[in-house]
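*Asks:* Chain order of the listed sequences is R and S.
The first sequence begins at 47 in my numbering and counts up by one.
The second sequence begins at 53 in my numbering and counts up by one.
Please keep in mind that the hints were generated in silico from the structure rather than gathered at the bench.
The beta carbon of each residue, even a glycine, is placed where N, CA and C say it ideally should be.
Warning: the hint list may mix true and false statements.
[Claimed, not checked] Partial chain S-side listing against chain R, Cβ under 10 Å, derived:
#	residue
1	Val75
2	Asp76
3	Ala95
4	Phe126
5	Arg141
6	Val235
7	Ile244
8	Arg246
9	Val259
10	Asp261
[As the list claims (entries may be wrong)] A partial selection of chain R residues facing chain S, derived with a Cβ cut-off under 8 Å:
#	residue
11	Gln66
12	Val68
13	Ile70
14	Glu124
[Claimed, not checked] Which bits of chain S does chain R cover? Going by a derived footprint, with three or more residues having C-beta under 8 Å, they are:
#	region
15	98-109
16	196-206
17	220-231
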Amino acid sequence: MRHASCARRLSQYADGTLPQEVCIRMDAHLATCPECRTELSQLRSTIDLLGSLASSSASAGLPTDFGEQVMARISAGEADPGVIGRFGDQWRRWMESSVGPPLLTAAFGLTLLVLVQGVEVEVSLPGFASSASAGATSIPLETAVSSRPDVSPAASPLAARRRIVALPAMPPLAACLRGAESGCGRWHAWHVGLGMREPRVFLREVENVPDRARERWLDELSRFAAHSGTASVLAARLRESGDPRAHGVATHFEQVAAIPRR
Amino acid sequence: MTQPILNRPSSLTAHRVAPVESVDPDLELIDRWRDGDSQAFEALVRRHERRVFGLLLRMLGSREEAEDAAQDTFLNLHRHGHRFRREARFSTFLYRVAMNAALNRRRSLGRRRAHMDALVREQSGGSALPSVPRGPEDSAAGGEIRDRVQQELQGLPPALRAPVVLFDIEGLAYAEIAEVLQVAEGTVKSRIHRARKALKERLRDLVPDEGPAEEKEGVLA
Ligand SMILES: [Zn+2]
Numbered sequence: 047m048r049h050a051s052c053a054r055r056l057s058q059y060a061d062g063t064l065p066q067e068v069c070i071r072m073d074a075h076l077a078t079c080p081e082c083r084t085e086l087s088q089l090r091s092t093i094d095l096l097g098s099l100a101s102s103s104a105s106a107g108l109p110t111d112f113g114e115q116v117m118a119r120i121s122a123g124e125a126d127p128g129v130i131g132r133f134g135d136q137w138r139r140w141m142e143s144s145v146g147p148p149l150l151t152a153a154f155g156l157t158l159l160v161l162v163q164g165v166e167v168e169v170s171l172p173g174f175a176s177s178a179s180a181g182a183t184s185i186p187l188e189t190a191v192s193s194r195p196d197v198s199p200a201a202s203p204l205a206a207r208r209r210i211v212a213l214p215a216m217p218p219l220a221a222c223l224r225g226a227e228s229g230c231g232r233w234h235a236w237h238v239g240l241g242m243r244e245p246r247v248f249l250r251e252v253e254n255v256p257d258r259a260r261e262r263w264l265d266e267l268s269r270f271a272a273h274s275g276t277a278s279v280l281a282a283r284l285r286e287s288g289d290p291r292a293h294g295v296a297t298h299f300e301q302v303a304a305i306p307r308r
Numbered sequence: 053m054t055q056p057i058l059n060r061p062s063s064l065t066a067h068r069v070a071p072v073e074s075v076d077p078d079l080e081l082i083d084r085w086r087d088g089d090s091q092a093f094e095a096l097v098r099r100h101e102r103r104v105f106g107l108l109l110r111m112l113g114s115r116e117e118a119e120d121a122a123q124d125t126f127l128n129l130h131r132h133g134h135r136f137r138r139e140a141r142f143s144t145f146l147y148r149v150a151m152n153a154a155l156n157r158r159r160s161l162g163r164r165r166a167h168m169d170a171l172v173r174e175q176s177g178g179s180a181l182p183s184v185p186r187g188p189e190d191s192a193a194g195g196e197i198r199d200r201v202q203q204e205l206q207g208l209p210p211a212l213r214a215p216v217v218l219f220d221i222e223g224l225a226y227a228e229i230a231e232v233l234q235v236a237e238g239t240v241k242s243r244i245h246r247a248r249k250a251l252k253e254r255l256r257d258l259v260p261d262e263g264p265a266e267e268k269e270g271v272l273a
């Protein structure tokens, strides 16, 4: 084997991913070429240095409520792509198909209906056929899921087609409003989402918290919102509502959000 | 025998497996999520958050940025999850979303960030590091070396950094990396090689010039 073709394969040689006959020819060259031997040894040292990053506990810095933060941002609508984003892929495929254009008007009407109602439904159109598992692609619209986290989705008439799932244990809302220490993250996430969607309902909820507990609960919720990056958006949403109760609560969120992260 | 200056973690080779050979353990949760169960999505987040964070930390070099990019990853997953097709493994798809989050982050941070990185490097660079480490885990020197390797990794262009992180740190197979990065398998192999060669130069003081005396045996090992 020539020097150049050996040198080119040294990484794969070190990884043991080459066919045996290639390795044998490389062994023969390596036995006679100190340059390739040095290069191989240095590559191996480099690979070992990189490997030391794999063994260190990289995930140690991940906050324990990372998942709750993500869910709070999703509840707040941050993962909603809008019409184009949500339908973009199907739309393009569909338009490229032969059934697409004739059905355009009907599909557009149906899409509009869905968005105006703002409810979770599954849209099935023959032209959207792209997935092998079903004849037509299902498009779940989860934007309007506003059921409380402790209420089974089956309780909602709109959710007839959704699978009923066992809910994980979580403290009752009243306990969290009184300031229960743990497990209230899901309630916080839900309240943040509620505030984004229905500021007035949210403010009424705040009002309903017993006086003694309100400030502490609001503190906790604000910290949660600040931590998940939703506090300032939520505050703005509340102010927009024009509700007379909004100012005090919004200010609370803004003040907490001004505290630097961790 | 060639004695590597650092012992390679055995877990690395253990989990480098062919991507599609068993039932994807995530499919059940994905089905439930697509049926509208948001708790199934949260369970997916919890199952994968550590690995996604680890990958992003290696790609971006800062915990805070990795955490932000990890959040972006799962928000994007929620947004674009319908693009996932069963021919691929879910974890491969997720790696792809995470890698895109890392690359987008890099791009949007732009020059300001690059300037700050350069400042940090200037301040921490030039410090004398032990050239013969005994092992990565057992000493403070190990931590310093890891920091240094991470820093030099940051200096590679993303196109070279991504495949070498996925192969040498995350332990993915060539084929899976090709899928994550949407490039040919041959490209993955050559980029890994180029990345290692570039790193070898950057880490010159940590990589001995001469191999050990019993070179030939090492070669055959
Ligand atoms: Zn040679």
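*Asks:* Compare the structure with the hints numbered earlier in the document and write down the numbers of the violated ones, lowest to highest.
*Replies:* The structure breaks hints 1, 2, 5, 6, 11, 12, 13; every other hint is satisfied.
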